[in-house]
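**Student:** Chain residues, written in single-letter form:
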Amino acid sequence: MIVKLGTAIVVLLALAASITFSTYLMIHLPEPKITTSGTAAIGGPFTLVATNNETVSDQTYRGKWLLIYFGYTYCPDACPTALNSISVALEKLGSQANDLQPLFVTVDPDRDTREAMAKYLTSFDSRIIGLTGTKEQIDSVIKEYRLYVSREKPEHGGDDYLISHSSYIYLMDPQGRFVNVIHAEEIGDEIAIRLRKEMADAGR
Amino acid sequence: MRRASYLVAVVLLVFGSGSATQAQTPAVNSIVVEQPWARATPPGAKTGAAYLTVVNNGTTADRLLGATTPLADKVEFHRETEENGVSRMREVPAVEVKPGAKVTFKPGEMHMMMVGLKQPLKEGQNLPLTLQFEKAGSIAVTAAIGKVGAMKHGNMRAMPPGYSMGK
Chain A
1 MIVKLGTAIV
11 VLLALAASIT
21 FSTYLMIHLP
31 EPKITTSGTA
41 AIGGPFTLVA
51 TNNETVSDQT
61 YRGKWLLIYF
71 GYTYCPDACP
81 TALNSISVAL
91 EKLGSQANDL
101 QPLFVTVDPD
111 RDTREAMAKY
121 LTSFDSRIIG
131 LTGTKEQIDS
141 VIKEYRLYVS
151 REKPEHGGDD
161 YLISHSSYIY
171 LMDPQGRFVN
181 VIHAEEIGDE
191 IAIRLRKEMA
201 DAGR
Chain B
205 MRRASYLVAV
215 VLLVFGSGSA
225 TQAQTPAVNS
235 IVVEQPWARA
245 TPPGAKTGAA
255 YLTVVNNGTT
265 ADRLLGATTP
275 LADKVEFHRE
285 TEENGVSRMR
295 EVPAVEVKPG
305 AKVTFKPGEM
315 HMMMVGLKQP
325 LKEGQNLPLT
335 LQFEKAGSIA
345 VTAAIGKVGA
355 MKHGNMRAMP
365 PGYSMGK
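If you read the sequences in order, they're chains A and B. Here the first sequence stands for residues 1 to 204, where the numbers follow the numbering used here. Here the second sequence stands for residues 205 to 371, where the numbers follow the numbering used here.
Errors might be hidden in some of the hints.
Here are some chain A residues the structure puts well away from chain B; computed CB gaps all over 10 Å [as the list claims (entries may be wrong)]:
hint, residue
1, 110
2, 165
3, 197
No more than 27 Å apart at the CA atoms, straight line, and that leaves these computed lysine-lysine pairs for DSSO-like [as the list claims (entries may be wrong)]:
hint, chain 1, residue 1, chain 2, residue 2
4, A, 119, B, 278
5, A, 135, B, 250
6, B, 278, B, 250
7, A, 119, B, 356
8, B, 326, A, 119
9, A, 119, B, 322
10, A, 153, B, 278
11, B, 322, A, 153
12, A, 92, B, 356
Please keep in mind that the hints were generated in silico from the structure rather than gathered at the bench. This one's a predicted model, so the numbers in the text were calculated from it and none came from an experiment. For every residue, glycine included, the Cβ atom is placed at its ideal position computed from N, Cα and C.
Throw the hints in and build the complete structure from the sequences for me.
**Tutor:** Written out as structure tokens, the structure is:
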């Protein structure tokens, strides 16, 4: 009986203590800072071929913020929208855009040769560099950036397949660490605002 | 006022450009095609996109079954859906337009994808499109070609000369 009472007291005390402690935690601990930088395992080393025929790696762009959009030139709607919005954003950013390297990485290396991408990109801001590579190289980037990429079966056969893909623009900091994603359907002005904010936050 | 002059401009455009002429005879045809437009294509692009609005002023549903253009091998209707950050394109075999309803093809939602472009679509030029409806039959329209990546209709240079949107 005494043992049981003792146990009950201990349990009650423990309960009270834990409630007090969690209340203390709730009141006194700072809000958990939501941060997506640094530790998130998005991104990683890559080797690809740029539209200017240079072989580039993730190291090539260290010191600059990277704005990476994954798409393909066969895509008639979403990709021109995103590339156009990025072009508008670069314009809006003015000289701040100098700290940034926009990249258009194909998810369709079979059709997107370096030449095809170079031609295609002449319609957009000339600062956007297109990157392509072998299927293995592109697959590796897709994996590192945890992209969803799926080739849709052509309804009538042939070569005109479409590709479903993640509709985000990835922002990496000058050290190559993942910072955040921006939805690819945001308008250019909004992308510029987001970029300014992310870059300013990092400088703090 | 701005809206009114815009409407006038649109009406002038549709009448003036000679496009959608059948659409302008509602007594015969209750399907009206408004503001057909297309995006200019980047060099080397094999595909292009066109957009428009189909209005059904009639009392029975109709279906848009297909479209053709002399500038591409084929035209497909695609609807973009997004689930968990992944944009997917789905071919839509036919687009139903209920009586009194309006279906708009626009960037990010639904587009007419031109596959096998025979020439680049150039800003300021026109793209002839023939739409095939189940009941209304075929309706020929002329889509004004706007900028690469343009988000809406309204490229002045693609309009017939002499018409202005006003201020």
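**Student:** Among the hints numbered above, which are violated by the structure, and what are their numbers in rising order?
**Tutor:** 2
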